[in-house]
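Undergrad: Here's the letter readout for the chains.
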Amino acid sequence: MIKGGAAGDVGAMEATYAAPMTVQATAETAAECARVGRMVREHFALVFRTLRRLGVPEGDADDAAQQVFLVAQQRIDSIDEGRERAFLVATAVRIASRMHRSRSRRKEVDDAVLEERTDPSPGPDELVEKRRARELLDRILAQMTTEQRVVFALYEIEQLTMAEIAEALRIPQGTVASRLRRAREHVMSAVRRFEGEGARRSEG
Amino acid sequence: MNEPRRLRDEASSELLRAMIDAAREEEPSEAAIEEALSAIGSAPLGADALTGAAEAQAVAQKAAQLGAAGHGATASLLLKWAGIGLAAGLGAAQLTEGLPFVDREPPAVVVEAPAPLRAEPRPEANEPPPALELKAPPAKEAPRAVEAVRKAKQAPKSAAGRLAHEVAALDRARKALAKRDPRRTLVALDRYEREHRRGELLPEALLLRAEALAEMGDREAAARVARRLVGLQPNGPHAARAQALIRGVPR
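One line per chain: the protein sequences are A and B, in this order. Using this note's numbering, read the first sequence as starting at 74 and increasing by one per residue. Using this note's numbering, read the second sequence as starting at 302 and increasing by one per residue.
These aren't lab readings, by the way, just hints derived from the structure by calculation. Hints should not be assumed to be uniformly reliable.
[As the list claims (entries may be wrong)] With the Cβ distance kept under 8 Å, some of the chain B side facing chain A (calculated, not the full set):
1. 304
2. 314
3. 323
4. 326
5. 328
6. 329
7. 517
[As the list claims (entries may be wrong)] Here are the in silico distance ranges between beta carbons for each label pair:
8. B:528 - A:155: 53 to 63 Å
9. A:219 - B:306: 21 to 31 Å
10. B:551 - A:220: 54 to 64 Å
Don't be surprised by glycine CBs; every beta carbon is placed ideally from N, CA and C.
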């Protein structure tokens with residue numbers, strides 16, 4: 074029983090509660106760490122793919138994804154239960170954007186890699202290969218604005234709902250819808266163009 | 302608001318479907334996921350993690366004895382490795398789901414990770430690093446390991462956080478070398494050196510680089526890196542192996 078008022082009672086309260094509070098603090102820490110671990114296991118692939126579709130080169134995507142989870146670990150207290158995915162997506166978008174700016178400034182090897190990737194038009198047979206298909210998609214996505222690209226990747230590839238995307242990007246759902254519409258038009262147009270070129274090649 | 306059908310489901314273009322399928326199927330490697338778990342200190346509770354923590358504990362005890370006997374330098378070196386083991390081992394063990402570290406007995410001797418592992422920045426890369434000032438805290442003042450991990454979490458830019466990151470980065474290089482994949486080893490080491498220009502584990506990184514170059518058959522480059530290591534730590538723990546690499550002795 075806890076009594077208030079007297080100084081002695083305060084001391085008794087401290088003695089009574091000091092140990093349980095320490096245990097509680099450590100238990101909270103362990104629980105938070107376990108939560109970040111779960112986030113890695115459940116969402117690493119989503120974060121990795123999102124980064125890739127936002128133009129992060131394959132060789133950097135692992136590290137960038139890891140960065141996303143380190144940020145999540147630092148801010149775990151501010152991530153509401155059930156909103157982990159939105160937080161991770163938003164962080165991935167920021168990190169991809171930062172990496173893109175950094176690469177643009179550096180003009181290093183990555184540019185050469187991108188050049189290599191985007192140079193020759195692959196033939197229809199080669200497109201059967203998944204890798205080539207992804208590369209072609211990335212070429213198409215690279216021609217969009219970042220905003221459209223993010224929405225397209227999250228809706229069409231990761232199959233998030235428009236509400237989830239709106240929450241992650243902190244934009245209205247109407248904006249998500251309009252960006253998605255423009256992104257889809259762009260993709261469809263690029264695919265039609267590419268298929269037309271392929272048909273002309275095979276006729277020639 | 303109505304959700305439009307996914308393009309994958311309504312597109313008539315085979316090419317478009319193939320592109321979206323391929324993008325959906327892209328997966329990161331298991332190693333990348335493991336590394337991320339390791340970086341956040343939540344690797345699966347494997348033998349390595351437990352062994353690392355246990356060995357670190359034993360080394361810390363030995364260091365405390367040596368420190369008490371006046372062997373400061375040896376104790377410092379031992380404590381450095383004890384701290385690394387604890388940072389990696391305890392970090393991995395403590396965060397395992399279903400088996401929180403707090404349920405286990407705390408270690409008898411604990412090195413508080415952040416303080417002992419800090420070294421002053423080196424003015425010149427070629428100069429030998431200053432002696433690390435590491436002190437074993439008295440047993441009764443030693444914080445619980447979980448508290449050290451908590452502090453590391455609260456201050457991720459602390460020495461412990463950096464060190465755990467260094468350990469994870471070098472671990473990837475070490476694993477690649479163990480698989481006789483020198484190219485991947487060098488990629489991992491490039492990354493390590495990019496991220497940790499003044500890393501605590503730079504000598505280990507140099508040794509791994511020399512080993513990887515030797516594995517590739519480039520003995521001249523291996524010897525060059527090994528000489529750099531010897532110049533950095535002429536009497537360090539890797540000096541003998543570095544000298545062997547300079548002489549071109551295979552592993």
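Undergrad: Now tell me, hint by hint, if it's right for this structure.
TA: Each hint, compared with the structure:
Look at residue 304 (chain B): its Cβ gets to within about 6 Å of chain A, closer than 8 Å, so that hint holds up. A least Cβ separation of about 5 Å between residue 314 (chain B) and chain A falls short of the 8 Å threshold, and the interface hint therefore holds. Restraint check, residue 323 (chain B) versus chain A: the minimum CB separation of about 4 Å is within 8 Å; hint holds. Nearest Cβ of chain A to the Cβ of residue 326 (chain B): about 6 Å, under the 8 Å cut. The hint holds.
This hint holds: residue 328 (chain B) has a C-beta 6 Å from the nearest C-beta of chain A, less than the 8 Å allowed. Interface hint status for residue 329 (chain B): upheld, as the beta-carbon distance to the closest one in chain A is roughly 4 Å, under 8 Å. Interface restraint check for residue 517 (chain B): the shortest CB-CB distance to chain A comes to about 19 Å, outside 8 Å, so the restraint is violated. Remark: the range hint 53 to 63 Å for residue 528 (chain B) to residue 155 (chain A) is upheld by a beta-carbon distance near 56 Å.
At roughly 25 Å, the beta carbons of residue 219 (chain A) and residue 306 (chain B) sit within the given window of 21 to 31 Å. Checking the proposed 54 to 64 Å range against residue 551 (chain B) and residue 220 (chain A) shows it holds: the Cβ atoms sit about 55 Å from each other.
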